[in-house]
Structure formats: structure tokens, C-alpha cells
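Trainee: Here is what each chain is made of, one letter per residue.
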Amino acid sequence: MCATCGCGDGDRRIETLPHRHDHDHAHAHGHMHTHADGTTHTHAEGHDGARLVSVERDLLARNNAIAEENRRRFQAKRTLALNLVSSPGSGKTALLVETLRRIGQKYPVAVVEGDQETSADADRIRATGAPAIQINTGKGCHLDADLIRGALTRLGAPPNGILFIENVGNLVCPAGFDLGEAQKVVIVSVTEGEDKPLKYSGMFAAAGLMVVTKTDLLPHLDFDVEALIDNARRVHPGIAVLKLSAKSGDGMERWLQWLDAARALRLAAD
Amino acid sequence: MHEVAIAAALIDLVREEAAAARASRVTRLVVEIGALSHVDTHALRFAVDVAAHGGPAEGARLDILEPPGIAWCLDCEASVTIPARGAPCPRCDGVKLIVQGGDEMRLKEMEVS
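Going down the list, the protein sequences come from chains A and B. Counting from 1, position 266 in the first sequence corresponds to residue 266 in the working numbering; the numbering is continuous, with no gaps. Counting from 1, position 87 in the second sequence corresponds to residue 87 in the working numbering; the numbering is continuous, with no gaps.
Treat the hints loosely; a few may be bogus.
Said to hold, decoys possible - Simulated pairs of lysine-lysine, DSBU-like, Cα-Cα distance not exceeding 35 Å: (1) A:77 / A:106; (2) A:243 / B:96; (3) A:139 / A:243; (4) B:96 / B:108; (5) A:243 / A:199; (6) B:108 / A:139; (7) A:247 / A:77; (8) B:108 / A:247; (9) A:199 / A:106; (10) A:199 / B:96.
Derived by calculation from the structure, the hints in this document are not laboratory data. What you are looking at is a predicted structure, and each value in this text was computed from that prediction instead of being measured.
Same shape as in the complex, but just chain B (with noise of 0.2 Å):
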């Protein structure tokens, strides 16, 4: 449900960038959502196509960017992919994982007219 409020704030962002560029209308979307953000994108979808509503990004094209969770195996002492918090290492089997990229929510770009 939190992906309202993640989708108001996103909407809030494209409003300033949009106004900052002097753009009447924004096309396109990029957004990257980590694997291991708390963010499920389908929800998010909705929201966004509901936040956007009225405003200079309604009926945008939305593209997400989902990055793979990256994590310092302790035992391995090597970075690993993994699918999700609390996943073993795909190396050791092991769990003691220092979670160290993949829990971005990032307004990368937009294209704008």
C-alpha cells in the first residue's frame, strides 16, 4: 500500500524536473526499483498511472529498471547476486550476507516535450 505514497512522491518529482526543464509534457519514465527495495512493481504501476492523473505525466510510459540485489558474502568474502533478503549465498550456501546495493528507488530519466 505504501506504494501510493511512493508514487505521489515519484509524480511530485516529475512535476518540479518537468517545470526545471520546461517541458508541458513528459512521455516517458525511467525509474529504477532495486530487488531489494520494499517497492512491488505492479502496485506501483497502479499507483503511478493514478498519481499521474491531471497532470503533466498522465498516460506516460513508465519503464522500470529492476537491478539485482548485490551483497559481501562474509565466509566467501566476495560480492554475490542475490534474489532477495535473507536468500543464501548462490557460492557457499551460506547466510551471513552484507546486503551492499539493489535497495535503490531512483528517478533516473524522462523524456520529456
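In isolation and in its complexed conformation, chain A is listed as follows (with noise of 0.2 Å):
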């Protein structure tokens, strides 16, 4: 087997980029030293003085760690935090400004807004009358716990009310990154393909519930909802589905139905 890539065993896997089988680093294999009683021998051991430190950590332990502190936080002001994920351009700010419209004063809401660049998109929010405030990743391509606990201490977690978090629009990076949320929620609008789930499989491995967006320009498009379903639930058997129009109104009161039966078990629940 090769060291270096794991190529040629059972259990691991070939890399698919062409590769040399030498290693790029010189280290002796071993070497020859004779002791003073005059006998000599062989060591095997290629680095002198390395030893082996198991450590059998996860990689995102740190970030994990902080978002179970942002959960705990959430879970002492019964504040239902939802991660809402998506590519660029589902109508995920659309989609929560009207949402924010119809939830009006019934509870309290607050929006965190992640984006690489401007404050475009908390603007939206807060013209509705909602708190919000904007992260910017700069070059970052997700938001992680470190920025949700930031922006909790300026913003707060709205007590028994719900906190949307609008993660960076990108259907690959978000999925692996915790932030302390009771679920994901990733959107779809019906102007993408329908095998959005097949090509970017953790992302709909980890949401709760799929939101179809959009769904009015349906007459306008060869697009197959129940095909996007179907994968979607290929990669997760127990994804929830809703199919929305954000601008005719088509399903919001559902997803409305949706939200406070999820802010109904924050509430219930210790």
C-alpha cells in the first residue's frame, strides 16, 4: 500500500488525481550504531527520538464545543434557532421577509445574516421591523459557532421566539458546521435542478426540512418537483418537504403551521 494516499488497501480508497508512487521527503530508514561492548546492530526506526501520540480527536472539536454552549444558551430562553441554508439566489431573504411580515408580533424574532460582503440583506430584514444583524464572513464561505456566540451577545436569542440565522449562500461548505441550531432547513427554488440533493448530498443529509421556493414560476419551467423530492429523500429517507410561493403566498401558511409547531416543542421541551 501506499503511504502516502492510501491507495491499494481493502478499506481505503484510490485518489482519482495521477500521482507518483515516491514520497517527497528524504528520512532514513533505519540505521546502524555499535554499542560499548562492542556489538552493533540495526534500529528500524526511521526518525530518531519520534514517538506516536494518539489523540483520536474530531477535527471541528472546537467548534462543536462552542456550538453545544450557543445550544445551551438557546435552550435557557426557549428560542428555537434554525440554520436556513441554500445556494445563492433560492429567495431565502425573500422568503424571510415575508415570513417575518406575517409573524408580525405574535412572538419575537431576530435574524442573523450571513454573507462574504454587505449589509444588504440585514437592511431587508430590519426594514420589516425585525432585529437583525449582519455577519460577514469576508472571504469565509460558512458561518461558524464562533460568529453565531458573537453575534448572540450583541443581538440576544429572542426568549420563546424564533432565531433565523441565513447562513452564506453555498450548498457545501455550511453542512459540516455546527452552530448550535435545532435544525437545518435548506431551500430550493424550482429555477435550480432537480438533482441539487444527488450533488450536494450532506447538505440534505443534514437538514431537517426541504423548503421548495418559488413554486409560482412552476407553469414557466420543465422543473419536476416530485423528481427533487424523490432525490432528496434518496440521501435522507426522513427529510420533511413544504413548497412555497414567498411572492403569490401558495403554501407560507403551512410553513407558517411549521414553524410554530417547531417553536412549540422548544417550548415544551427542557
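Each chain sits in its own coordinate frame; assemble them with the hints.
Mentor: Pasting the structure below:
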């Protein structure tokens, strides 16, 4: 087996890019030495004084620990935190604006907006009267638990209400980063492809709910909603699905009912 | 691109563990990246090289183990190996699969001096 890339062993995978089978650094494979009593032998160890330290730690352990801290904070305030994820342009912000307008003063809400640049989205949210804070990740492609912890110290968690976290538009990177949310909600618009769940399976596997948006455009498109749902259930058999249009209002009532139910669960559980 | 964040997290862990082990140099890292994790191992190698620069693990050899994806097939009622999420069951071609393993990202061990 090649120890550099792991190819050639049954339980490891062969990397696809061409690669050489020589190692790119030189090191001694053993050395010979003579003891004071004149005996000579060879050590098999390559690096002098080298020892092996067993670690067995998750690479995202730090992020996960902060996410748990955030989760305890949400729990203490009985806040339902939702992590909204999607590709850019799926209509996340439009859905949020319409959702906040309909929730109105029924219960407290707040929004954390994640984007690489600009405060345009937080401005759109604030125009509805809901408190919002913008996080600009700069070159970062996802929000992490530490950014949410920072946002919480400024914004606070709405007691007995809902905190919507709008992640950076990206279906790959945010999948692995727990923010402390109750669940991830993945948003897909009908102007995208039905095979998105297969192409970006990690995200659909991590989300509890898929919201299909812009359904008012369906008459103009060759988009097969059932094929999209089949593909989503292929990577996540238990995923819940809602179809709606924030523009026409179709399906918005069911989404609000889903939010009410999720919030009721949050309020009921310790 | 999140491989950069994951590489930075890995190098932070390495630094912590090297200090705990009173080691000044780290010569080899053994990392487990499951076939179903969200990480591209080529991008990770590149990012680790950059993240390790100037620290105890600079120039360390990176061995990446890639455990396969393991899923429970609801139709076969058996544990099967899958190459990716969404891939069908290799026994019955069905798609009702619950992922059980192969999405881990761990620093397993390191060689220090």
C-alpha cells in the first residue's frame, strides 16, 4: 500500500488525480550503531527519538464545543434557532422577509444574516421591524459557531421566539459546521436542478426540512418537483418537505404552521 | 474552500496536542476523513501545508485514512458499503439507506519528537 495516499488497500480509497509513488521527503529507514561492548545492531525506527501520540479527536471539536454553548443559551431562553442554508439566489431573504411580515408581533423573532460582503440583507430584514445583525465572513464560505456566539452577545436570543440564521449562500461548506441550531432548513428554488440533493448530498443529509421556493414560476418551467423530492429522500429518507411561493403566498400558511409546531416543541422541552 | 477552515482546526489541535506531549516537532499526522464527509482530500492536503507553515508541524507527512461509507439498507435489513450519499444499495439497488458511518473527520495520531 502507498502510505502517502492510501491507495491499494481494501478499506481505503484510491485518489483520482495522477500521482507519483515516490515520497517527497527523504528520511532514514533505520540506522546502525555500535555499543560500548562492541555489539552492533540496526534500529528499524526512522526518526530518532520519534514517538507516536494517540489523539483521536474530532477536527471540528472546537466548533462543536462552541455550538453546544450556543445551544445551551438557546435552551435557557427557549429560543428555536433555525439554520437556513441554500445556494445563492434561492430566495432565502425574500422568504424571510415575507415570514417576518406574517409573524408580526405574534412572538419575538431575530435574524442573523451571513454574507461574504454587504449589509444589504440585514437592511431588508430590519425594514420589516425585526432585529437583525449582519455577519460578513469576508472570504469565508460559511458561518461557524464562534461567529454566532459573537452575534448572540450583541443581538441576544429572542426569548420564547425564533432566531433565524441565514447562512452564506453555499450548499457545500455550511453542512459540516454546527452553529447550535435546533435544525438546518435547506431551501431550494424551482429554478435550480432537480438533482441538487444528489450533487450536494451532505447538506440534504444534514437538514431536517427542505423548503421548495418560487413555486409560482412552475408553469413556466420544466421542473419536476416530485423528482426533486425523490432525490432528497434518497439521501435523507426522513426529510420533511414544504412547497411555497413567498411572492404569491401559496404554501406560506403551512410553513408558518411548521414554524409554530417547531416552536411549540422548543417551548415544551427542557 | 472550507478545507482551509478544517485545516486550520486540525493544526490548532496538533499544536495543543504537541504542547501536551512536550514535543517540539511533529513529523507525521494520521487523519481520518470518511468517504461521506464533506472534505476534498486534495484541497485538504494543500490547506494543511499552508496552515502548518511556521509551526511545529511544518513539513510533517500527512497520512489520510478514508474509511468507506457505511449505511443500513431498510429493504435488505443489512449494513452495506456505499461510495457516496445517495448511491443505491449494492445488494438490492434500493435507495432507502440510513448512513451509519464514514462521515468522520478525526486526528487519530501523530508522530512527534
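Trainee: Next step is simple, just say for each hint if it's right about the structure.
Mentor: Each hint, compared with the structure:
Proximity of residue 77 (chain A) to residue 106 (chain A) is assessed by CA-CA distance (about 17 Å); at most 35 Å being required, the pair is judged to hold. The hinted pair formed by residue 243 (chain A) and residue 96 (chain B) meets the criterion: a straight-line CA distance of about 23 Å does not exceed 35 Å. For the hint linking residue 139 (chain A) to residue 243 (chain A), the alpha-carbon distance of about 32 Å falls within 35 Å, and the restraint holds. Annotation: proposed proximity of residue 96 (chain B) to residue 108 (chain B) holds, straight-line Cα distance about 31 Å (limit 35 Å).
Using a Cα cut-off of 35 Å, the hinted pair residue 243 (chain A) and residue 199 (chain A) holds, with the two alpha carbons roughly 21 Å apart. Between the alpha carbons of residue 108 (chain B) and residue 139 (chain A) the distance comes to roughly 29 Å, so the proposed pair stays at or under 35 Å and holds. For the given pair, residue 247 (chain A) sits about 32 Å from residue 77 (chain A) by alpha-carbon distance, which is consistent with the 35 Å threshold. In summary, the hint linking residue 108 (chain B) to residue 247 (chain A) is not supported, as the alpha carbons are separated by about 50 Å, beyond the 35 Å threshold.
Proposed proximity of residue 199 (chain A) and residue 106 (chain A) is contradicted: the alpha carbons are some 38 Å apart, above 35 Å. Proposed proximity of residue 199 (chain A) and residue 96 (chain B) is supported: the alpha carbons are some 18 Å apart, at most 35 Å.
Figure legend: structure checked against the earlier numbered hints; hints not met, in rising order: 8 and 9.
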